[in-house]
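One letter stands for each residue in the lines below.
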Amino acid sequence: GQSLEQPSEVTAVEGAIVQINCTYQTSGFNGLFWYQQHAGEAPTFLSYNVLDGLEETGRFSSFLSRSDSYGYLLLQELQMKDSASYFCAVSRDDKIIFGKGTRLHILP
Amino acid sequence: DTAVSQTPKYLVTQMGNDKSIKCEQNLGHDTMYWYKQDSKKFLKIMFSYNNKELIINETVPNRFSPKSPDKAHLNLHINSLELGDSAVYFCASSQDLQGVATGELFFGEGSRLTVL
Numbered sequence: 001g002q003s004l005e006q007p008s009e010v011t012a013v014e015g016a017i018v019q020i021n022c023t024y025q026t027s028g029f030n031g032l033f034w035y036q037q038h039a040g041e042a043p044t045f046l047s048y049n050v051l052d053g054l055e056e057t058g059r060f061s062s063f064l065s066r067s068d069s070y071g072y073l074l075l076q077e078l079q080m081k082d083s084a085s086y087f088c089a090v091s092r093d094d095k096i097i098f099g100k101g102t103r104l105h106i107l108p
Numbered sequence: 001d002t003a004v005s006q007t008p009k010y011l012v013t014q015m016g017n018d019k020s021i022k023c024e025q026n027l028g029h030d031t032m033y034w035y036k037q038d039s040k041k042f043l044k045i046m047f048s049y050n051n052k053e054l055i056i057n058e059t060v061p062n063r064f065s066p067k068s069p070d071k072a073h074l075n076l077h078i079n080s081l082e083l084g085d086s087a088v089y090f091c092a093s094s095q096d097l098q099g100v101a102t103g104e105l106f107f108g109e110g111s112r113l114t115v116l
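So the sequence lines, in the order shown, correspond to chains A and B. When you number the first sequence by my numbering, it's gap-free, plus one each residue, and the end is 108. When you number the second sequence by my numbering, it's gap-free, plus one each residue, and the end is 116.
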């Protein structure tokens, strides 16, 4: 079987740093994705980790540890527009499977 | 130009009816998908097509029938609609079967289906 676990909700303060964790269990693992979805909109791609380590793109970074079946998304200098749902997803042999998403609430 | 476009955006219908959702992508991608997002926001893959060929049918009831007339189009027809079919249906495309090359799925804006 396959499963992805991530917190259902996280709350943080504007300007702060927040980390959203994701653990996965799947066969045929190729890589870990992160997607952002604002309410009422389509998911949009944020990052893709194939190798262990940290990938940085502006204020967002994503980390993968294949040996631990674990990854995280790090958001720095939080802005109100970062309020959204964040999905981790795994690429396996023939498809991309999504976690249930983490709703990020940002307080002013 | 919208990269992945799907119509209609909203669909309200009665139980037992048949409805279709259309999807088109102008990105030149080989692979297209249908995902279902329920009220709990869980994104679940339903089907994928690669160059008009069905690759994945994720144990979806056979009331759901996808059709891909060419690699730029993937339509979804649903027969005998049930209350539990109410959801947002997202079409997506990727450059190859796994989206591995770029790691990126391009999603349409979604079609919100409400079954009464």
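Since the hints were derived computationally from the structure, they do not count as laboratory data. All C-beta atoms, glycine included, are put in the ideal place defined by N, C-alpha and C. Please note: incorrect hints may appear among the correct ones.
Derived lysine to aspartate or glutamate pairs resembling DMTMM-like cross-links, with alpha carbons at most 25 Å apart [claimed, not checked]:
#1 B:Lys44 x A:Glu14
#2 B:Lys71 x B:Asp30
#3 B:Lys19 x A:Glu5
#4 B:Lys52 x B:Glu109
#5 B:Lys71 x B:Glu109
#6 B:Lys36 x B:Glu82
#7 B:Lys9 x B:Glu24
#8 B:Lys41 x B:Asp70
#9 B:Lys40 x B:Asp70
#10 B:Lys44 x B:Glu82
#11 B:Lys44 x B:Asp18
#12 B:Lys71 x B:Glu104
#13 A:Lys100 x B:Glu104
#14 B:Lys22 x A:Glu41
#15 B:Lys19 x B:Glu104
#16 B:Lys40 x A:Glu5
#17 B:Lys40 x A:Asp52
#18 B:Lys71 x B:Glu82
#19 A:Lys100 x B:Glu82
#20 B:Lys36 x A:Glu55
#21 B:Lys9 x A:Glu14
#22 B:Lys36 x A:Glu14
#23 B:Lys41 x A:Glu5
#24 B:Lys40 x B:Asp96
#25 B:Lys19 x B:Asp70
#26 A:Lys100 x B:Asp70
#27 A:Lys100 x B:Asp18
#28 A:Lys81 x B:Asp38
Across the chosen pairs, the derived CB separations fall in these ranges [stated by the list, open to error]:
#29 B:Asn57 x A:Val13: 24 to 32 Å
#30 B:Lys67 x A:Thr44: 43 to 51 Å
#31 A:Gln19 x B:Thr114: 19 to 27 Å
Here are a few chain A residues that face chain B, going by a calculated C-beta distance under 10 Å [what the hints assert, rightly or not]:
#32 Gln37
#33 Tyr72
#34 Ser83
We went through each hint and held it up to the structure:
With a CA separation close to 31 Å, the supplied pair Lys44 (chain B) and Glu14 (chain A) exceeds the 25 Å bound. Of the supplied pair hints, the one linking Lys71 (chain B) and Asp30 (chain B) holds, its CA atoms being roughly 6 Å apart against a limit of 25 Å. Restraint check for Lys19 (chain B) and Glu5 (chain A): the C-alpha separation of about 34 Å exceeds 25 Å, so the hint is violated. Note on Lys52 (chain B) and Glu109 (chain B): the hinted pairing holds, with a Cα-Cα distance of about 22 Å set against a maximum of 25 Å.
Restraint check for Lys71 (chain B) and Glu109 (chain B): satisfied, since their Cα atoms lie roughly 19 Å apart, inside the 25 Å limit. Among the hinted pairs, Lys36 (chain B) with Glu82 (chain B) is consistent with the structure: their alpha-carbon atoms are about 14 Å apart, no more than 25 Å. A threshold of 25 Å between alpha carbons decides the hint, and for Lys9 (chain B) with Glu24 (chain B) the separation of about 13 Å falls inside it, so the pair holds. With a C-alpha separation of about 30 Å, the suggested pairing of Lys41 (chain B) with Asp70 (chain B) is violated against the 25 Å cut-off.
For a cut-off of 25 Å, the pair hint linking Lys40 (chain B) to Asp70 (chain B) is broken: about 33 Å separates their Cα positions. For the suggested pair Lys44 (chain B) and Glu82 (chain B), the alpha carbons sit about 18 Å apart, so the restraint of at most 25 Å is met. Distance restraint check for Lys44 (chain B) and Asp18 (chain B): the Cα-Cα separation of roughly 22 Å lies within the 25 Å cut-off, and the hinted pair is therefore satisfied. Between Lys71 (chain B) and Glu104 (chain B) the alpha-carbon distance is near 18 Å, which keeps this suggested pair within the 25 Å criterion.
Only pairs whose Cα atoms come within 25 Å are accepted, and Lys100 (chain A) paired with Glu104 (chain B) is accepted, the gap being roughly 18 Å. Between Lys22 (chain B) and Glu41 (chain A) the alpha-carbon distance is near 18 Å, which keeps this suggested pair within the 25 Å criterion. For a cut-off of 25 Å, the pair hint linking Lys19 (chain B) to Glu104 (chain B) is broken: about 29 Å separates their Cα positions. Of the pairs offered as hints, the one joining Lys40 (chain B) and Glu5 (chain A) holds, with about 15 Å between alpha carbons and a cut-off of 25 Å not exceeded.
A distance of roughly 31 Å separates the Cα atoms of Lys40 (chain B) and Asp52 (chain A); the hinted pair therefore is violated under the 25 Å criterion. The hinted pair formed by Lys71 (chain B) and Glu82 (chain B) fails the criterion: a straight-line CA distance of about 29 Å is larger than 25 Å. Distance check on the hinted pair: Lys100 (chain A) and Glu82 (chain B) sit about 23 Å apart at the alpha-carbon level, within 25 Å; holds. This hinted pair does not check out: Lys36 (chain B) and Glu55 (chain A) have alpha carbons roughly 29 Å apart, beyond 25 Å.
Between Lys9 (chain B) and Glu14 (chain A) the alpha-carbon distance is near 33 Å, which puts this suggested pair outside the 25 Å criterion. Annotation: proposed proximity of Lys36 (chain B) to Glu14 (chain A) is violated, straight-line Cα distance about 32 Å (limit 25 Å). The straight-line distance between the Cα atoms of Lys41 (chain B) and Glu5 (chain A) is roughly 14 Å, inside the 25 Å bound, and the hint therefore holds. Between Lys40 (chain B) and Asp96 (chain B) the alpha-carbon distance is near 29 Å, which puts this suggested pair outside the 25 Å criterion.
For the proposed pair Lys19 (chain B) and Asp70 (chain B), the alpha carbon gap of about 20 Å is at most 25 Å, so the pair holds. With a C-alpha separation of about 32 Å, the suggested pair Lys100 (chain A) and Asp70 (chain B) falls outside the 25 Å cut-off, and the hint is violated. The straight-line distance between the Cα atoms of Lys100 (chain A) and Asp18 (chain B) is roughly 29 Å, outside the 25 Å bound, and the hint therefore fails. Only pairs whose Cα atoms come within 25 Å are accepted, and Lys81 (chain A) paired with Asp38 (chain B) is accepted, the gap being roughly 24 Å.
Taken as a hint, the range 24 to 32 Å is violated for the pair Asn57 (chain B) and Val13 (chain A), whose Cβ atoms sit roughly 45 Å apart. For Lys67 (chain B) and Thr44 (chain A), the Cβ-Cβ distance of about 27 Å falls outside the hinted range of 43 to 51 Å, so the restraint is violated. Under the hint 19 to 27 Å, the C-beta atoms of Gln19 (chain A) and Thr114 (chain B), about 36 Å apart, miss the expected range. Taken as an interface hint, Gln37 (chain A) checks out: its beta carbon lies about 8 Å from the nearest beta carbon of chain B, inside 10 Å.
This hint is violated: Tyr72 (chain A) has a C-beta 17 Å from the nearest C-beta of chain B, more than the 10 Å allowed. Given the 10 Å rule on beta carbons, the hint for Ser83 (chain A) is violated: about 14 Å separates it from the nearest Cβ of chain B.
Consistency note: the structure conflicts with the earlier hints numbered 1, 3, 8, 9, 15, 17, 18, 20, 21, 22, 24, 26, 27, 29, 30, 31, 33 and 34.
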